[in-house]
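Top line first, the protein sequences correspond to chains A and B.
The first sequence begins at 1281 in my numbering and counts up one residue at a time.
The second sequence begins at 1281 in my numbering and counts up one residue at a time.
Accuracy of the hints is not assured; some may be wrong.
Which copy is meant is left open, so a pair is good if it fits within one copy or across any two.
Pairs of lysine-lysine, DSS-like flavour, derived with a Cα cap of 30 Å [claimed, not checked]: (1) Lys1622 - Lys1364; (2) Lys1411 - Lys1488; (3) Lys1342 - Lys1622; (4) Lys1482 - Lys1364; (5) Lys1488 - Lys1364; (6) Lys1342 - Lys1411; (7) Lys1482 - Lys1411; (8) Lys1320 - Lys1482; (9) Lys1385 - Lys1622; (10) Lys1385 - Lys1482; (11) Lys1622 - Lys1482; (12) Lys1320 - Lys1373; (13) Lys1482 - Lys1373; (14) Lys1373 - Lys1385; (15) Lys1343 - Lys1364; (16) Lys1488 - Lys1342; (17) Lys1411 - Lys1343; (18) Lys1343 - Lys1320; (19) Lys1343 - Lys1482.
Just so you know, these hints were derived from the structure itself, not from any lab.
Number of protein chains: 2
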Amino acid sequence: MTGQTDHTQVPAGRNTISVDAMGGDAGPTVVVAGIAMSAKMNPDIRFILHGPIEQLTPLVAKKRVLDGRVEVRDARDVVTMDDKPSQVMRNGKGTSMWSTIESVKHGEAAGAVSCGNTGALMAVSMIRLRKLPGVNRPAIAILWPSSNPQGFNVMLDVGADVRADAQDLLQYALMGTSYTRNSMDIARPRVGLLNVGTEEHKGHAELKEAYALIAEHADRGSFEFVGFVEGSDIPGSTADVIVTDGFTGNVAIKTGEGTASLIRSTLRDAFQYSILSRLAALLALPSLTRLSKKIDPRRVNGGVFLGLNGTVVKSHGGADATGVSAAVKLAFRLAEQGFAEKLAARVASSVELTQDTPARDFARATTQKD
Amino acid sequence: MTGQTDHTQVPAGRNTISVDAMGGDAGPTVVVAGIAMSAKMNPDIRFILHGPIEQLTPLVAKKRVLDGRVEVRDARDVVTMDDKPSQVMRNGKGTSMWSTIESVKHGEAAGAVSCGNTGALMAVSMIRLRKLPGVNRPAIAILWPSSNPQGFNVMLDVGADVRADAQDLLQYALMGTSYTRNSMDIARPRVGLLNVGTEEHKGHAELKEAYALIAEHADRGSFEFVGFVEGSDIPGSTADVIVTDGFTGNVAIKTGEGTASLIRSTLRDAFQYSILSRLAALLALPSLTRLSKKIDPRRVNGGVFLGLNGTVVKSHGGADATGVSAAVKLAFRLAEQGFAEKLAARVASSVELTQDTPARDFARATTQKD
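Okay, chain A solo, but in the shape it has when bound (with noise of 0.2 Å):
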């Protein structure tokens, strides 16, 4: 497996975060960049870096904000983006991922973060980490931004299956609903399940199922059932949680960022029509600037991967540095929460609620917080 150097500097407990220097589309250099940033922001957060030590240390030692609360994981292979899910979790003992989800399973992090490949990362936490008890299919829960006051809805599943019955649908509205408890103020937060249509009688039998299921569910689940959503209210006001099975799921968001991607190079091409539009974009630029900000996918870097002994966030391969630190973050803040442990126990209670357990077991079962 991995061999551990660099042992004089070895953090520990909740503050560190396991991060995969390798898999990412740019290369390391951009992900100690991140964690660099991430260094800065925050005084408190030290890193296991997975990787090979030798392309590692140098990165490393550039940055001085890094000095002692680094340490480096020498782990020899990559697992690439073309690697297929089943032969990482034969073969991948030896890799940067494998090695940095061991970080967490091992109580040395509180989290892990990886650009690397999402199914790969998602069958490698699964062996190794375990689903949570009661959990069939875990979910990649992302938050995307949205007209809401807090800015941004949670959407799950994004793609960990393709597949998900209506027993997973009410296990994603409850953990959905713990996570955005958790990553935002609100204390009941409305879950919508993703339809072609609002009415009733819409959409696939087993959705039909879903929703009669989750409206049982709300009022012990401690959320609000808006009912069915259409794919216009994912970045919409109506619900805070989206719920689906992760083939839909994967399509609207890429749908959503191909969208948001093509009307920026659009609004860039708008600007450069003619020298008049370049003052005007001159003058435009903090109007455009705060637009960005508002729209920009690498503030929200970061799908959870939602259902497991622990909390793994996968960055998007693509993530610059600013996109890495805020996956980072995102881990940090989650392991500060103690969210694994929380979301474990709303789970828990709702495998007892869905078990149809007696009323006196129910009411105890939801009195826990989360």
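Since the structure of chain A is provided, determine the placement of chain B on it from the hints.
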């Protein structure tokens, strides 16, 4: 059924579009304004307009450009957005929507346009016009702004049916190819199959089956199959035709629309932030107008129903006059080109294709141009 009135000026043939005046969010005034815009731009176009005669006649009389070019066909009932398709199929004979489709069925008009309830419009179209021989599930195709040279991609199905098996997806590829050839100047459209990743091992089993089937028919169907594409390719330049089931397609376009609308409102807010930014907005107006034009959903308003004996265009329920006019223009253009007949020929040839007729028959079947 519908009573015929105003027989003095019955327009007929290829240049006549049958228009449902009712069922849009903004009522018949906007629809009449829309057809007046079309009439101004196109001196050859004529209309049969369906709805309550006492409402429509004064509206039409107010527009001089419509003088002698509109036959009002009295229909007393209106399909609302809440009506279930099954109800409309049973009890909808007196509605303006039903009457609109009847005009196409009886050959009085070359195409139909309605802003009404999509599910009901598809249901009425299916029972009155009937599916083309060999088509199991008709589809709704839309144009979506893209970074391709032609400025748009075709996507289908966006909501005719929530399900689609491999055979249906092949039909969508063939119908989408035909529609792309007739709405844009692309001889050999590139077809992509929507999935959660571009690797062949990803996605549902039925998608892998569809992949093989579409790949097999690419040459004979005169399209290029680019394989799996992702949500980001819908506004991208990888493919000209995006094939997917109606559930995924519907969620995707609504997510894209919602994202574009969030960006628009954020941009507006950004430019109203201060006096300086308002001044900048004034100077930037030409640039912003260029952006709006490029991504204006009204310019591509109109989902085309493919796979029926006749051309039906579904306009957005919230369309304004410009939107209605765009939908009418699309119906007229397709009618002018004899698209319905070309599509029927194309589907007939594909039925032969998929029935694995001998090579000699393939050659004959695919020599038909569309």
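Results for each hint:
no.: 1; hint: Lys1622 - Lys1364; in the structure: neither (32 Å within a copy, 43 Å between copies)
no.: 2; hint: Lys1411 - Lys1488; in the structure: both (27 Å within a copy, 28 Å between copies)
no.: 3; hint: Lys1342 - Lys1622; in the structure: neither (38 Å within a copy, 66 Å between copies)
no.: 4; hint: Lys1482 - Lys1364; in the structure: between (36 Å within a copy, 10 Å between copies)
no.: 5; hint: Lys1488 - Lys1364; in the structure: between (34 Å within a copy, 16 Å between copies)
no.: 6; hint: Lys1342 - Lys1411; in the structure: neither (39 Å within a copy, 68 Å between copies)
no.: 7; hint: Lys1482 - Lys1411; in the structure: between (32 Å within a copy, 22 Å between copies)
no.: 8; hint: Lys1320 - Lys1482; in the structure: neither (51 Å within a copy, 40 Å between copies)
no.: 9; hint: Lys1385 - Lys1622; in the structure: within (17 Å within a copy, 62 Å between copies)
no.: 10; hint: Lys1385 - Lys1482; in the structure: between (43 Å within a copy, 28 Å between copies)
no.: 11; hint: Lys1622 - Lys1482; in the structure: neither (35 Å within a copy, 33 Å between copies)
no.: 12; hint: Lys1320 - Lys1373; in the structure: neither (32 Å within a copy, 70 Å between copies)
no.: 13; hint: Lys1482 - Lys1373; in the structure: between (46 Å within a copy, 23 Å between copies)
no.: 14; hint: Lys1373 - Lys1385; in the structure: within (14 Å within a copy, 66 Å between copies)
no.: 15; hint: Lys1343 - Lys1364; in the structure: neither (34 Å within a copy, 64 Å between copies)
no.: 16; hint: Lys1488 - Lys1342; in the structure: neither (56 Å within a copy, 48 Å between copies)
no.: 17; hint: Lys1411 - Lys1343; in the structure: neither (37 Å within a copy, 67 Å between copies)
no.: 18; hint: Lys1343 - Lys1320; in the structure: within (10 Å within a copy, 67 Å between copies)
no.: 19; hint: Lys1343 - Lys1482; in the structure: neither (56 Å within a copy, 40 Å between copies)
The structure fails hints 1, 3, 6, 8, 11, 12, 15, 16, 17, 19 (numbered hints given earlier, in ascending order).
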